[in-house]
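Colleague: Residues per chain, in single letters:
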Amino acid sequence: MSNINRTDLIKQGAIWAFIAVELAFFSIAGKFLSVTDATFMDPENMLLLLKQSAPIGIIALGMTIVMINGNIDLSVGAIFAMSAVILLDSMGWAWMQSLGVWSIPISWGLALLTGVVLGAINGLIVWKTGVDAFIVTLGSMLGYRGLVFMYNGEQPTSHLNWTLVDFAEARFLGLHTATWFLLVVALILWLVMTRTVHGRNAYAIGNNREAAVNAGIRVGPHFLWNFMLIGFLSALSAVVFYSESGSVNPNDGMLYELWAITAVVLGGTKLTGGYGSIISTLGGVIAIQLLRKGLGHIGSDTETVNLVIGLILIAVLFLDRQLNRKGKEELRV
Amino acid sequence: MTDQSPILRLENIVKAFPGVRALDGVSLDLRPGEVHALMGENGAGKSTLMKVLGGLHQPNEGKIYIGEKQVVMDRPQTAKQNGVVFIHQELSLADELSVAENIFLGELPRKSLGRVDWEKLYTDTDAILDRLNVGFNARTRVGDLSIANQQMVEIARALTVDPRAVIFDEPTASLTDSEKVVLFDVIADLQSRGVGVIYISHRMEEIFKITDRISVLRDGSYRGTLNTAETNEEDVTQLMIGRKLDLSRNKVQHEMGDVALEVRNLSCGKLFHDVSFTVRKGEVVGFYGLVGAGRTEIAETIFGLREPSAGKILLDGQEVTINSPQDAIARGISLVPEDRKGQGLVLGMNCRDNMTLPQIGELTSGPFTSDKAEVAIFDKYHDALDIRTPGWRQTVGNLSGGNQQKIVIGKWLSMHPKVLIVDEPTRGIDVGSKSEIHNLIRDLAAQGYAVIVVSSEMPEVLHVSDRIVAMFSGRVMREFTTEEVTENNLVQAISGLSEDRVA
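Residue numbers (our numbering), protein chains in the order written: chain P, 184 to 516; chain L, 204 to 706.
These are calculated hints, taken from the structure and not from any lab test.
A few of these clues could be false.
Capping the alpha-carbon separation at 30 Å, the derived lysine-lysine pairs in DSS-like fashion look like this [as the list claims (entries may be wrong)]:
hint	chain 1	residue 1	chain 2	residue 2
1	L	473	L	575
2	L	575	P	194
3	P	311	L	473
Keep in mind that this is a model prediction, so the values were computed, not measured.
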């Protein structure tokens, strides 16, 4: 039994070991190469890093569940943008403004509802047509982005509400509001995936859909719930981010789906489904943000950062493959 | 013809897998111009032997000779280079490519700069197709051909290398009678060119029509070679089955209750027609037949995975409609599927989670699943079924076949079903665990479960069943009670031999 726990521990611990290596590397390299005098491991800097991880992090957590379930959602970036547009635009409506502070929860609710509805559309199409989620959400990614442009053309949608900004910039126990959202979502989703029927069934469906059907599990509704969940989380991510910034461009959130998938995969979740962990995805999100920040700290530009992250992603998946292969050979003996 | 030296000789081949000795000193020789039948029950070792010959498995002991030369078949290519080619039962063709491209796949004729020499490709292909006398040409898209014609493409592919030996693995399984005639002509043509043919089939009729000699395997060992002209179906059957099983000795008789499941005139498209039978509480009914006879499909229809085109299903005398596995489970029907790893288990999950999968929805406290309730169920069936695993956290994929099967059976027993359907209960399970599973099935019946066992292994069906339903090509041929069944009439019933011969 200890043997089983050990392999699981190694797999789930790998991403945190990687983070430790990054921290060590950037702290030491930063001493020689840094463009500023600040130390990299500064607590304030680390807290900021967590806050900056939140927008993609919240989406990546939802993506983990969808991917464990054996699907994928490419439309998250577009849902993120659409929800942001609804959030900021609705606060400008005359009747909303007459409500004063109460306009805030209503606009939040509208934005989150937008995410849930767009996610439900994805889920229903995947369930009812049986078309692969990759194709369905590739289509909706284009479609939803089209809706964003139809709403306000090329113009940015803006509305700055100072109460909201105060809320978004507030800190509780030292952590930023966005960080709290990230951590609470991670906790809830971790409970969902490890302790609830829905989570168990999602793993089962992703691992062996036929066996799940034979066990009497209705696959479609689980798909629908998970797409609604990731839609909700994309909207939540938008709510958290745009409450502070107050202005959304129609191109915002582009490539978020790829960053989210990168974080999920770095965290060890299988593209084919059936295996993965929420906590490891959190690790994946932090690892990517550390890399971006760290490389910036030692003076690299954005292009270099992307190149390095891309190389690391391939290297990690190659290592994972080698490890798994060794495991299989051992079994054959 | 028979006095020529063999073109192919297998000597004392031994192949062991973990826990199973799949081949135990098998020898075989093939003469030029001969059609040599290889017979044996499912699991007797025919396909393992052919995989050894084809270079897919390495034998632990034994030698392979091509002519006088010893050859080590280390890769599939080696077999082909030595003129040994296989026509597999399962087609391996690329649907979207033309006949010619499929036949010369990997060996397309080239011109300079790596361009394909289409002209040569099509003329070469048509030359081969002429020999086979088929109604399609080199440019036809393979996906547009019938199964029989696709098989012809496979055969054409074998002919590109001018083979010395051709192995046909159940070639007629999906062919109609007229298509068989064409196939037999092809075999006769090969024969006349001095090619040796190994012909694997269950169908006695064909064997006696086209083969010269018959070699029989049983339980991985060689049981002898007969000259077809000097033997008959009974002798071959006897050789295949071996010892007479004393059925009454193996079986504890027990009380049976009312009819639990009744199926009336059930049909499902072309898969099976007009199937009727009953299963009583405490009874094991065995479904025996060749692969493709429709047994699994009946099980799947009762379990709600397929929609019946006609007929009724009655549980405890009440007609029921079953539209999905959920319906079936709710009414107390459980299915242990044929493909344990593909359909029965979530291999990446641990033992406990697999066992509680169908009822996890009920095992909750508040919003969360209850560890306590789940472990309690696991412990109960872990003990009852004697599942050997270090603990419930063990990933199911790491267990042996027998223990995996017990997990699946435990999963369904924990649902307290009325009717338990077990499809191929011991496929891929080693000999020791087989009898354990068999005893378990008998015990379950004794406890009052109505059990259906679908199996392709005759000893298994004879051993566990109170009654046997013999199927052939989607129809129930005959029902036997334990008292009246003999191996011979069972074999004849599932081979589709005329019913009047089955006394």
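Colleague: Among the hints numbered above, which are violated by the structure, and what are their numbers in rising order?
Modeller: 1
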